[in-house]
Amino acid sequence: MRTPNSTLTRRILLGATLILGLSASASTVQAQELRDQYHQAPRDTVSQEVYDGWKQYNLNCARCHGEDVQGTTIAPHLIVSLKPEGPINTKELFLQTVCAGRPEKGMP
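In the numbering used here, the protein residues as written are 1 to 108.
Since the hints were derived computationally from the structure, they do not count as laboratory data.
Incorrect hints may have been included.
Claimed, not checked - Derived pair list, reagent style BS3-like, types lysine-lysine, alpha-carbon separation capped at 27 Å:
1. K55 with K105
2. K55 with K83
3. K105 with K83
4. K91 with K55
5. K91 with K105
Source: prediction; values computed, not measured.
Between the sequences and the hints, there should be enough to build the whole structure, so can you do that?
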């Protein structure tokens with residue numbers, strides 16, 4: 001048999017459970033949003049062509065130009081070299097330099 005007190009108790013418990021559930025899910029969403037800001041992208045988010053280019057750069061160029069293309073004491077910063085006022089200011093000249101190298105400067 002239900003009494004007014006048991007019905008009231010059930011309503012209070014139900015309300016408290018609902019509030020706790022909503023606050024827990026809100027904090028979970030908030031934590032997920034914070035985590036996503038620092039989340040690394042899955043490995044398959046770049047095309048195979050881009051990945052292959054990255055591999056070739058790391059195998060053949062990074063030891064002199066640096067892993068981040070910012071140059072070293074051995075070879076120049078590639079982004080600066082590719083600027084309009086840089087020594088390799090066109091895509092065609094860049095491709096020619098990469099394919100032929102610069103033996104006189106030690107680039108294979």
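Comparing the hints with the structure gives:
1. With a CA separation close to 23 Å, the supplied pair K55 and K105 stays within the 27 Å bound.
2. The straight-line distance between the Cα atoms of K55 and K83 is roughly 24 Å, inside the 27 Å bound, and the hint therefore holds.
3. As the CA atoms of K105 and K83 are separated by approximately 20 Å, the hinted pair is consistent with the 27 Å bound.
4. The hinted pair formed by K91 and K55 meets the criterion: a straight-line CA distance of about 20 Å does not exceed 27 Å.
5. Between the alpha carbons of K91 and K105 the distance comes to roughly 20 Å, so the proposed pair stays at or under 27 Å and holds.
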